[in-house]
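Student: In order, the protein sequence lines correspond to chains A and B. Heads up: the first sequence begins at 1 in the UniProt record's numbering, then just goes up one per residue. Heads up: the second sequence begins at 1 in the UniProt record's numbering, then just goes up one per residue.
Just so you know, these hints were derived from the structure itself, not from any lab. Cβ coordinates follow ideal geometry from the N, Cα and C atoms, glycine included. A portion of the hints provided could be inaccurate.
[To be verified] Each computed DSS-like pair below joins lysine-lysine, with the alpha-carbon atoms no more than 30 Å apart:
id	chain 1	residue 1	chain 2	residue 2
1	B	K235	B	K271
2	B	K541	A	K519
3	A	K711	B	K235
4	B	K239	A	K339
5	A	K433	A	K134
6	A	K339	B	K311
7	A	K322	A	K130
8	A	K320	B	K271
9	B	K239	A	K369
10	A	K119	A	K433
11	B	K253	B	K239
12	A	K320	A	K55
[Stated by the list, open to error] Now the in silico label distances, taken between C-beta atoms and shown as ranges:
id	chain 1	residue 1	chain 2	residue 2	range
13	A	S730	B	P35	32 to 38 Å
14	B	R548	A	K210	41 to 47 Å
15	B	S198	A	T716	37 to 43 Å
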Amino acid sequence: MLSLGSVGAKSTKPSFVSYVTPEEIKLEKEPPKIEKHPDLLPGEVEFCCANPILKYTQDDLSQRGIFGTLFCTNFRVTFISDEKSQEETTKTFKNKLYGENDIPLMCVDHIYGVYDEKKKLITGGLVKNKYPSKMIIHCKDLRVFQFCLTFTKEEDAKKIFQGIAHHCLEEKSLKCVFAFSYSGTPSPEMQRKRETILFDSPEDWTQEMKRTRANCRLVTENENFELSQRLPKYFVIPSALGDLFSYQGKGFPIWCWSHHSGCALFKASLPPVTQEDGDFQKHLDIMINAVAHNYLYSAKTEDLSESLPTIQDIQQSYNKFKQFFLIENSTDFWLSDVKWFSSLESSGWLDIIRQCLQKAVEVVECLEKDNTNVLITEEEGTDLCCVISSLVQIMLDPYYRTLMGFQSLVQKEWVAGCHAFLDRCNHLHQKDKECHSPIFLLFLECVWQLVQQHSPAFQFSETYLTVLSDSVDVPVFSTFLFNSAHHRESVMKAESPLAQSSPLSCPTVWDWSVQFDSKAQNFFFNPLYSEKVKHEKAVRKAHKPKHQRQLSLPSTAFKPPSKKGFFKDETDSLKKMLRVKRLSRWMGSPDSPAATTRGFYESWQQRPLDYHGLLLPCLDGPAVRVWMQRYLRWIPEVHIMGGGSVAVMTKLMELLSQVQDLKCVLEQRDSSQAVKLDHRPYIQHRLLSFGSSGRLSSSFPFAYSRNRSFKPIIPTGLMQSLMVSDSLASQEDEASSFVSLV
Amino acid sequence: TRSDRSSGTRVSDTELRYVFIVCVSTAKDVTYICPFIGPVRGSLTVTNYRLFFRCTDREPVFGLDLPLGVLSRVEKIGAATSRGDVSYGLVCKDMRNLRFVHKEPEDSLKKSVFEVLMKFAFPVSNNMSLFAFEYKQVFPENGWRVYDPLAEYKRQGLAKESWRITKVNDHYELCDSYPAALVVPVTITDEELRRVSSFRAKGRIPVLSWIHPESQAAVVRASQPMVGQNGRRCKEDEKLLQAIMDANAQSHKMFIFDARPSVNAAANKMKGGGYESEDAYQNAELVFLDIHNIHVMRESLRKLKEVVYPKIEDSHWLSNLESTHWLEHIKLILAGALRIADKVESGKTSVVVHCSDGWDRTPQLTSLALIMLDSHYRTIRGFQILLEKEWLSFGHRFQQRVGHGDKNHTDADRSPIFLQFIDCVWQMTRQFPAAFEFNEYFLITILDQLYSCLFGTFLCNSEQQRLKEEVPKHTVSLWSFVNSQLEEFVNPLYVHYPSHVLFPTVGIRHLQLWVTYYIRWNPRMRPQEPVHQCYKELLAKRAELQKRVEELQREAANRTASSSSERAGSPTRSITPVQTYV
């Protein structure tokens, strides 16, 4: 077994044992263990390791766990059990890059040390001196690991603790990110599958304009980032916009999407503020004029930084929110269960989600109902603008509800659109807290709300969204590593081993085969997706052929939409009156913006359901929910054995495969020839071998419950939960039962 | 269009019509003050069974149609205005309030809507019979025959060497709120049972509810022992519990689950009640489940209604919901049932469950534990049997708790105990979407018919009363209606796993407010199309294909038989039929 850079790990017999439990004695009596090393990825280097380390099992308060070796590499922190692990091999949903005991360095959120029973957050200063007896790692994907360091040699313990703390917490340079060492040999599949449109070529943009019948102008002048390093390489602007160089790279209304009526959505960073106020206003006027010229001389603008929370608010709220899911033990869990709803509310996270969706609905109303051009602005134009514009497009354009469409949208608005992933996700552990914010996650959260409310409208599943949210913190993909297109290009060029000749190529996250085999990728698809009916295909032909799936409800079950499709020409509407609307706040009452779109939502709700038409979220209190799969998947206390959505999935898969089988039998019949058709229906490949789904838990396919005994989880401390203090509690059950029976 | 399917909403012949205002767009219009869409003008009709309101000059047509049984209170709001408008509010048991305004009819000979409502909404208070006694719809099946206690105990596999069915309560002399058929250990004589009955509140002695088919661990229900302040004991009671323990060879221990908070159980000693002392009951462990009484539950639901109807405050929704404690009560009840089911299934121990009288919290706990333990109760018919047995035959006081036809809306005996149970069942169907044969509509139908008084099922307080009033003879059972259109109530995702125990998660993170029941009157919360529709379509598609395949196979078989040539194709791949109950 190859072990690069493994230092002093040869003699790891425990010499320092503080106390011994029966199992440990048994363990120590075993013959010298065979040295275990992680299977390293290409380019992965082992830094340090320690043995024996006790990994506590999270679902157990009795401080028991498994012994094994803890490693730190340039990619991850990994724990390898001394016992044979049988779980890993049988997993249906296995990530090829990291397993359940691996934590990619980027995925580490916080490390806590327990010193003399006191839990302390590990920061730079604490690392130097002592090492804690227990190390608790909170991950960005909400896993919690607890390692006991007291069984290993003091120097090893110190080394592993300092190593992990150093590599996970210290500020580092982008060059040290594993992606630049990773040299996975591209599999044949990895040859650039042009399914997801990356929007890194002028053709992609032209195609997109054609698809949406946009009447705008493609800008190629920034190919070498001469206009601005903060702008995409290629972008689209209203055709009425003139001189490009007078903007200092700011304040361009950048085209996002065109409605079939002709009006379009634009986003912009605010124009540079110069000494003279007049300049700013002039810029604004030019911008709005250009946007208005796009269609019927109408425009509405909205400054998102005025009406939505700031990125710092968002960061703070999420920090509070995620704490409710980083559960270290059962007692904590049941304690936090008591004030669950008010805790949730106090974090404000669901409210931020509601506000974003609400704002998106307002924009949709302008485009769909009023056929007005919309310009959304923001200081940088790459944070909340991305959230809102992406959401608007998902609500209005069914293409973005397909898997490939959605990925293309993320490329268009976020990756090519220069969202500062590196800073926002804090991949480099920079000390500057101002710029960190889970903006992209917020967007995924909003999409999840739409998915759970209108599941048949989406080709992808919530599992897909969860995996995507995890992948942000896997330092292998180029997708989420950079702050802008310019940043990406310059770093990639510099870091390429064959500098100048060909830039370094990291896989994009969309190459899912890097993480999952095709069987596991089945979980990304929603079996209930209602496929588009045929006759609208003509419109769709414009864009690149996309992966067509047969796995969906028979199209006959859904009536073709009777109303006009998207992107229909509306030449006659030009006769409408010209109008300009320039409102910084276009909706009347700022107190309850919800009320203004209420009517729009209600009239939409009364229309016949069309999964390929406009989609609006319900935003009333009970409708905005917690993304259970993402947040509760690692908490054993809430695993429903034999239940949860996996039960529905299995059943649906079964049904679909039967329908397919029957269809296949019919086809064979019809062709009345003895063809040995062995083309198993497509669905068969998609059918998952769940085994007995009765035994799977609701956290499937993520956490595998070790709770084989199938015991229920009995809550503790119930009485604390409910102090009914009024006199009713002490009242007799029967108002009329004072009849003495003694 | 759901309401159209229910035969109950069609005006039947026996329904007497009291039409008041049928004119539209005149001064005599009735205005319904809708909290969601504002005032709506239309005509209001009240019959002896229901109230309906129609407004036809709106698009889409607006209508209200509700059985009078759902009204808990009818009151005039304010004095008549100068223009002669009368306004009154209707408070409903199903989480809504209605408000109507109309002109005082000039023809004073006509009865006012108010008077007629007061008369027909509260027939019991007016010495009239409930509408269920007038309703004469005939259904193909007789729902009164759904539950046969002897057949049910036989199905459970009652071991004759340990348990017997006693006739001691045949004439309800031992306990008037218990059923006639009771199952007790063979070693206890009827005479001993009589002694026990004087020691248990309301004579509700410990009797068998369910027995585990393998381990013989039993679920036994009772009321509190009349221990009192002096710690009274009853050796027959002690013997009975010992006999229950002995009937289960697997365990030498037993658990007594007292549903109440320990403080309340102790306070009951002052009134002669109390709980089993561990001195008197060797090998029995007493556990308190901390579930609150009917008054706390009533108050909780009242608060919930305030929070959800008519307006929902979005930004404080979660803390408002928390302040009602409704879901916390649900959690406690589910947690209690889970502990009972765990002891029986994993611990193989017998359990005794009681609260104070054993007719509120006890049926909640036993029936939920039974649903967890026995997959039969998760079928449509099995669930009917469960309700007939644990709730109706064992005397949950439906008449008192719901207040059928009684205008005394402040009655302290009213409490949403049964609603709470159905809510718990719903929570379980959420967590195990493929484990229940019935769908959400089934549960909502049960609740709607609980209040409607269209069927006799939920009338009266006990089996004895229902027999005395000849309810089965004069009324239609809800199950007649349900079982005549089963397809409406089937969960398309149902997979029948026999002997599959369900342990739900009771963490409040996994409990949800039942929006489609509690907030169903809010048009914004209505789903455009339930996802179930997709499942149904899929099933229909499969059935259609299956049929065609079968036809073709038959045809092919005929052809091969006639031509004796070798069979073309090899379409013998059999389609494994999955058990789906559609």
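Student: Report the numbers of all earlier hints that the structure fails to satisfy, in ascending order.
Tutor: 3, 4, 8, 9
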